[in-house]
Amino acid sequence: MAVAAAALSTASGGALQYNFYGSSCPKAEEAVRNATVKIISGNPTMAAALVRLFFHDCFVRGCDASILLDQSNSNPQPEKLAIPLRGYDAVNTIKAAVEAVCPGVVSCADILAFAARDSTMVSGGFTFPMLGGRRDGLASDLNDIFGSLPAPSMQAQQLISSFKAKGLSADDLVALSGAHSFGITHCAFVTPRLYPAVDPTLNATYAAALENVCPQGGAGGTVLNNNNVTGPNVLSNQYYKNLGTREVLFTSDQTLTSSDATFNMVKDNAANPVAWMARFAGAMVRMGGIQVLTGTQGEIRKVCGATNSGS
Numbered sequence: 001m002a003v004a005a006a007a008l009s010t011a012s013g014g015a016l017q018y019n020f021y022g023s024s025c026p027k028a029e030e031a032v033r034n035a036t037v038k039i040i041s042g043n044p045t046m047a048a049a050l051v052r053l054f055f056h057d058c059f060v061r062g063c064d065a066s067i068l069l070d071q072s073n074s075n076p077q078p079e080k081l082a083i084p085l086r087g088y089d090a091v092n093t094i095k096a097a098v099e100a101v102c103p104g105v106v107s108c109a110d111i112l113a114f115a116a117r118d119s120t121m122v123s124g125g126f127t128f129p130m131l132g133g134r135r136d137g138l139a140s141d142l143n144d145i146f147g148s149l150p151a152p153s154m155q156a157q158q159l160i161s162s163f164k165a166k167g168l169s170a171d172d173l174v175a176l177s178g179a180h181s182f183g184i185t186h187c188a189f190v191t192p193r194l195y196p197a198v199d200p201t202l203n204a205t206y207a208a209a210l211e212n213v214c215p216q217g218g219a220g221g222t223v224l225n226n227n228n229v230t231g232p233n234v235l236s237n238q239y240y241k242n243l244g245t246r247e248v249l250f251t252s253d254q255t256l257t258s259s260d261a262t263f264n265m266v267k268d269n270a271a272n273p274v275a276w277m278a279r280f281a282g283a284m285v286r287m288g289g290i291q292v293l294t295g296t297q298g299e300i301r302k303v304c305g306a307t308n309s310g311s
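When we follow full-length UniProt numbering, the leftmost residue of the sequence shown carries the number 1, and every step to the right adds one.
Worth flagging that the hints you see were computed from the coordinates, not collected in a lab. Each hint should be verified, as a subset may be incorrect.
[To be verified] As a list, the in silico DMTMM-like pairs of lysine to aspartate or glutamate whose alpha-carbon atoms are at most 25 angstroms apart: (1) K302 x D199; (2) K302 x D260; (3) K241 x D199; (4) K267 x D199; (5) K166 x E99; (6) K302 x E99; (7) K27 x E99; (8) K164 x D260; (9) K241 x D268; (10) K166 x D144; (11) K166 x D141; (12) K164 x E30; (13) K38 x E99; (14) K302 x D89; (15) K241 x D260; (16) K241 x D171; (17) K166 x D199; (18) K267 x D171; (19) K241 x D89; (20) K27 x D89; (21) K164 x D144; (22) K27 x E299; (23) K38 x D89; (24) K166 x E299; (25) K302 x E30.
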């Protein structure tokens with residue numbers, strides 16, 4: 001209840017509303033939740049994948065489900081061609097479950113937002129209300145990604161500026177970075193901190209373990225995430241404790257301890273898990289309000305991978 005209240009009191013979504021489908025599709029959020037829980041029960045790694053899809057979608061063109069569009073005549077180079085992400089099939093499964101309840105009513109953009117919220121519930125053990133009312137965009141262009149997404153090599157001030165450009169604060173940056181406590185990454189994003197010399201901000205013992213997983217000149221497989229205590233599929237504030245011991249994967253992680261604007265929040269999130277949950281919830285809601293389409297803008301897609309025109 002404390003987490004939900006915090007999210008409600010700090011959210012700013014314009015035309016978005018809580019319980020947006022209360023009249024038009026009362027069982028919409030229940031359908032999303034049931035399908036999401038079933039998917040994650042079968043494959044626990046999908047929780048992190050769905051949260052990451054939501055983040056990528058919102059940061060590129062706003063939360064308009066552009067990340068979900070497949071290649072077509074009108075979208076010859078969609079965003080999904082630029083970065084290998086997981087979870088598209090899961091979103092399609094969730095969409096089908098919602099369409100079975102009330103066809104043509106719930107947007108893919110809202111389904112992605114609700115699924116990210118419900119992934120938090122399954123893997124993090126807390127939940128919060130999520131605004132609804134987003135409409136689906138008609139365009140997706142991989143070129144829009146460049147300059148939009150924060151990179152794992154960024155320093156603190158660059159990250160703060162990246163989030164500020166989307167209307168989010170340094171506190172939101174730190175809170176949402178907690179999502180790096182679950183999921184997996186590729187060695188290609190880790191090896192720049194290992195070779196030709198180990199990044200001095202990286203814990204030496206942890207670096208040696210990473211070198212075993214990601215040898216220099218290796219094929220570039222996957223490496224476990226930042227959560228070396230509670231497991232790769234658990235969303236928690238353990239990430240902030242690992243920042244303190246310098247056992248995190250990316251430059252963009254460790255740099256959060258290099259700035260007073262972010263380090264104080266890192267320490268507080270490490271010490272106060274419930275406070276972090278509230279901050280994460282509020283930041284997720286605020287992120288879900290980035291450049292949304294509402295009212296008669298865009299459309300409600302019949303399927304998430306294509307516009308209704310099919311062009």
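Next on the checklist: Holds or violated: K166 and D141, Cα atoms, limit 25 angstroms.
Outcome noted: holds (18 angstroms)
Checklist entry - Holds or violated: K166 with D144, Cα cutoff 25 angstroms? => result holds (14 angstroms)
Next on the checklist: Against the 25 angstroms threshold, does the CA-CA distance of K164 and D144 hold or violate the hint?
Outcome noted: holds (18 angstroms)
Item to check | K27 paired with D89 [C-alpha distance capped at 25 angstroms] | outcome: Roughly 22 angstroms separates the two Cα atoms, so the pair holds.
Item to check | Distance restraint between K241 and D268, which requires alpha-carbon spacing of 25 angstroms or less | outcome: holds (10 angstroms)
Checklist entry - Is it true that the CA of K241 sits at most 25 angstroms from the CA of D171? => result The hint holds at about 17 angstroms.
Checklist entry - Within 25 angstroms, alpha carbon to alpha carbon, are K164 and E30? => result violated (33 angstroms)
Checklist entry - Hey, K302 versus D199, does the alpha-carbon distance stay inside 25 angstroms? => result Given pair K302, D199 is violated - Cα atoms ~48 angstroms apart, limit 25 angstroms.
Next on the checklist: Checking one constraint from the list: CA of K38 to CA of E99, max 25 angstroms. Satisfied?
Outcome noted: Roughly 17 angstroms between the alpha carbons, so the hint for K38 and E99 holds.
Item to check | Pair hint outcome, K302 versus E99 [Cα-Cα no greater than 25 angstroms] | outcome: holds (8 angstroms)
Checklist entry - Does the alpha-carbon distance linking K241 and D260 stay inside the 25 angstroms limit? => result This hinted pair holds, its Cα atoms lying about 17 angstroms apart.
Checklist entry - Is the Cα-Cα distance between K27 and E299 25 angstroms or less? => result holds (21 angstroms)
When each numbered hint is compared with the structure, violations occur for hints 1, 2, 5, 12, 17 and 19.
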